[in-house]
Amino acid sequence: MSEGVRAANIVQNPLWLKGVRARLRKQHVLSWGTIVLTVTAFICVLTYLTTLERGRASAETAAKAIVIPIIFIQGAILMLAGTGSVASQLSIEREKGLLDYQRMTPMTPTSKILGYLFGLPARQYFLFLLTVPFIVFAAIVGGINLLSMAHFYAVFFTSVWLYHMTAMVAGMASSKPRQAAMFSQGMVVLLYLILPQLSRFGMTFFEFLTVRPTFYSMVQAELAEANPGLRRMAEEQFTGLTRSGAVPFFHWELHSTVFTLMVQVFLLAAMTIVVHRKWRDEFSHPFSKFQGLGVYAGLLFFLLGGLWPIVSDEHLSSRLMEQFGRGPGSMAPELFFFMLLLVLLLVCGAGMVLIVSLITPNRYTQSRALRLMKKRGSMRVPLDADGASSLPVTIGMIVLTIIAFFALLRHEDASDRFLAGLPGLAHQAAPVAYIAACMLFVQGIRERSSGRVYAVGIFLVWMLPFFVTMVLFAAWNAWLAGAYAGLANPLIGLWLLISNLLHHADPIVTADVVVRGDLAPEALAPHLGQVAMVAVGLYTVLAIVVQVRRVQWRRELRLKELGPDAGRAPQA
Amino acid sequence: MDDGPGRLWYRPGPGEARVIQTTDMRVDYEDVTAVADLNLSIDAGEVYGLIGPNGAGKTSTIRVLATLQLPTYGEVRVGGVDALEDPRGVHRILGYMPDLPPVYEDLRCWEFLDLFASAYFVERRERRARVEECLEIVNLQGKRHAMAGTLSRGMTQRLVLAKTILPDPKVLLLDEPASGLDPIARIDLRNALRRFAGEGKTVLVSSHILTELQEMCTSIGIMERGRLLTSGSLSSIVEQMGKEHRRLHIEVMDTEANRGRLLETLDGVGAVTEEKGRFEVVFAGDESAAVDLLRGLVQAGIPVKSFSERKIGVEDILLKVGAREVS
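Protein chains in written order, with the working numbering: chain G, 136 to 707; chain D, 3 to 329.
Simulated from the structure, these hints should not be mistaken for lab results.
Careful, some of the hints might be misleading.
[To be verified] Dumping the calculated DSSO-like pairs for lysine-lysine here, alpha-carbon to alpha-carbon at most 27 Å:
id, chain 1, residue 1, chain 2, residue 2
1, G, 231, D, 307
2, D, 307, G, 161
3, G, 231, D, 278
4, D, 307, D, 278
5, G, 311, G, 231
Since the structure is predicted, the reported quantities are computational estimates derived from the model, not experimental observations.
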């Protein structure tokens, strides 16, 4: 049997079989099965009969009404309990050393990952199966379109696998089972409750990490009659971005299932890379340098793809502005554009910080790499090695961010949706120059310092100015002083720099009335240009100082590890 | 002189490849160098004992050989396969048993072994027989259906040993395999290892229990602070040390005070210690020189009651090479 076929044959996968044997003992099956079966039956009977008798609805409508509660039960079983189970069990195996046994079997890493992915939550899959007869009943009696159901469950399962893969990463990284389970379950809650809010700013990408879009499109298509409240909720949540179930992405309109699968497969691939690398060597970085750059490029592609149609499609942008402002015309176009840019740069910054944190070598990793090179008689650490500097990749991410930012500005300039004209190049470039310098500063600190020093250092540089600014703003309305005090904080810095960009742009003039939103306090407006200059200058100086120190320190390290001859060829 | 237990067992032919070979292997943990430029060669059919105090680098060496971690640098070949380039190639021929080995507590003993039988691609129709065979080897047939989590420490150790030998590996890496075993189980383990070696398998064992290693190993390596202080066949090391420093036991009839000083004046005699008329003499000379010494003592009128040579053991070798922290 070829290795590919062997990997795909999950029923014969030893790790799956181990999961089934260990997790589906008679006592577990009976106790948990009874609980799930009883609760699901109770909820379904209650919903069905209440809709039928009290609501005087038809049997078809009553059957449709039970779909939503069953989906919630299924989600709780597989997405919450299953995710926690994967994370905690894998963490226990890692802590005890059982993972080492598995690392050493000649199965392919893909087989091992698949075995764990389906074996660890075997009990949850069994409990899910117990709920299937209820959904089949609802689909047959309610006459639900099977294609809609298939779309929903395709996305449901890719989401489940994505969360379980996240849990595997958490389980392989953490030696505390409870912590790993709570972290991964917290991620699911975050995905469902917090990140979807970013879709209001065009970050549709985050919304599609969940089953919500597909769920609501199924609600709209199939279940609206039985759940009018949910239909209203669906319209409120998604009409801004999806028209007839389509997702605008760059110039295309993709089916929500297709887009969800695209997004989830991208993240699944990223998670698979991490798990693969950790299988090979538990001390290796989650991503190689190029993989980190690739993941960031993918993130940027999805972010930009979601923002693009908002700028070019009047219908879409108007609906979003209405939705955001809770009423027609209540938000100025430039204020909305300001929010799009701010959220874009903040998400890009967060993405870059995350990737930099994951791929930057600490002192010991660098020393190891240098010793290896010395042994091989080479003076250069390969660019993609864990021990190589993350500076080239950081620069690569910065370049991609600059390209994306300017592409969006040019696109806006061509469409004139939010601004009549862009300001001069210096004002346009200031926000990305700020974020570029900020990232070079972060990279320099990360490469030189231990994890704790890095975390505390970044916290102090970013949060202390934020707190001071808040006190100055709240207590004395000291806008200018507060702005200068908070420039080191990226949130405040970007807020001021994008305000400056839009302040110097030509606003849209409608019927001789200038529509200008409140971007920054009026008292700050005359000083925005100066504040922007100081902000960029501040981080440029910080970045130069940190990078110069980093290069000096790296040269010393090379001298120590490679000897005096190596000092002549310092590496970036 | 006895050639050690290895003479009884399988010996590789002169042309056979080294089964375990590391070249300039180094392992670092942050600022600590766990293994420093280790050059280790172990032939097929050897039972190689890796000895050293805690922190000597034994476990790190074994983990690198098992492909569980990457060295800072160096070459590692197991069974002729480059462990860094083709770890899966190594997995096919390697069995590894860690110190304090864990088991899946929620699996029965036979399920635990069956998991690894299928993970190592043992044919389905052969799996059950192989599992039974391994349970028999470690004497756990009676615990076939017991949950692995309910086994005692010694039984757990035996179950993991069964798992380790199940895929019939060419190379066995055993990290402190005898810890937690009762005396009978240790004898079983020793016999099992001898049998593996007799079948041509190569076994690398790390242990603190020196007498045990002496009984089961054909070769030893002594590590301290990441360095290999000495390595070779037990018999050759013993022979070499025996040539340099024999330990003679001389018992005399009377208890005259200056006997010790007199002994020290004789040719080849080094340090002399005495306990109730029984002298231990460090003697630098071969067997004929020892005969000359005995003759000299008798001619000097010393009433020699007994004269014997104490066999040199692993403990003596350890003391000689300086790894003093080993128990």
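Which hints from the list above does the structure break, by number from lowest to highest?
1, 2 and 3
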